[in-house]
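Protein chains: 2
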Amino acid sequence: MESISKAAFRRLPRYHQILNAFEGLGREYISSRELSEILEINETLVRKDMADLKIRGKQNQGYSIAALRLRIEDFLGLQEITEALVVGAGHLGTALATYAGFEHYGLKIVGVFDSDPEKIGKRQGAHDVLPVSRLASVIQRKQIRMIILTVPREVAQGIIDTAVGAGVLAVWNFTPCELNVPPGVKVRNEQIVGGFMALSYYLKNVSGGGED
Amino acid sequence: MESISKAAFRRLPRYHQILNAFEGLGREYISSRELSEILEINETLVRKDMADLKIRGKQNQGYSIAALRLRIEDFLGLQEITEALVVGAGHLGTALATYAGFEHYGLKIVGVFDSDPEKIGKRQGAHDVLPVSRLASVIQRKQIRMIILTVPREVAQGIIDTAVGAGVLAVWNFTPCELNVPPGVKVRNEQIVGGFMALSYYLKNVSGGGED
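Residue numbers (the numbering used here), protein chains in the order written: chain A, 1162 to 1373; chain B, 1162 to 1373.
The hints are simulated quantities; they were obtained by calculation from the structure and are not laboratory data. Keep in mind it's a predicted model, so treat the numbers as computed, not measured. Wrong hints could be hidden among the right ones.
Which copy is meant is left open, so a pair is good if it fits within one copy or across any two.
[Claimed, not checked] DSSO-like mimics (lysine-lysine), calculated; alpha carbons at most 27 angstroms apart, straight line: (1) 1269 / 1365; (2) 1365 / 1283; (3) 1365 / 1215; (4) 1283 / 1303; (5) 1347 / 1167; (6) 1167 / 1365; (7) 1167 / 1209.
Input sequences plus hints: build the corresponding full structure.
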């Protein structure tokens, strides 16, 4: 397995986002200085990240945006299709299940599940909502390796046990629960409110217009 | 302004989430070892973070969960109410505008805006969707300092210019745009797809059941 430092790994999504934004503006090259200013990190750190990715810049031009973007996508496996199921058809589950942008990253939602009889059978994006009782059989039949969890906390662990038992290896967890999974299963805890915390800290300390 | 290292600051939301989860299970104390195992970081780093927060553990018991949680909330300003407006009443905007969990963090959504005539006037959670044309006047009248942006990328910068002109100091950006803001305005780029990237990398490299 190719590997880079944890901190560099954490920066890859932001690099990717910035490259996309610049590409959308018609730019072909980006400099380490530009990347460092946008990311608010040291330019030498950007250069080290690029070296880790085995990406070289051109003198006076910087890095090829397309080449760097493709390199990150290849490194992260985004050029392969990952089929995933959304469990929990509330507002957030609906937002995730119907978000068209995921396809640019190779993420394909192939089913949506809920336990609410009022939601089951309703259309959601490209899918009819299925009952959670069918989750395990769909995972097995379609050989699904990833689920996206947006259910109430009381039922989260039970659903994970079912999904992992059926063969799921990766869990994108939008619940506030600390899930127990066996070794070999990866959980990503998505804590949306964390972003607010950073802004709250800023607002608390900004009085007078200072910056953090 | 109180300050801690950037890395420690980034960990505060996860600490807070873990403390909430343990509190929900009826636990009163948590050890640096437990925190280090859940966070997958070195135990000495946990101890350093606690020292930075001026939190002391008890021998053989660990840290008081309630005291540590309150300390983090105080540090981040979560005990004060932050009023915010959601701009963009799509699925994600609706999920954010109606998410009851935010109130535990002091975040209060006090209005929802959209430019789509079909959405304007519709009820969304506790609010009727207002036209974006009224955004600046509402920001000024209610002295709003934060907006949550979930609009299409084409209109994102224009809305930010309006909001910042009206007095907004903090932007929680769920669009994929790199927003330009004047000094003194803080933007938090929320890149939900970043979580998927980490899982994609795991799945790409897991063949055979290995772990990263």
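Quiz prompt | Those earlier numbered hints the structure runs against, lowest number first | solution = As far as the earlier hints go, only 2 is violated by this structure.
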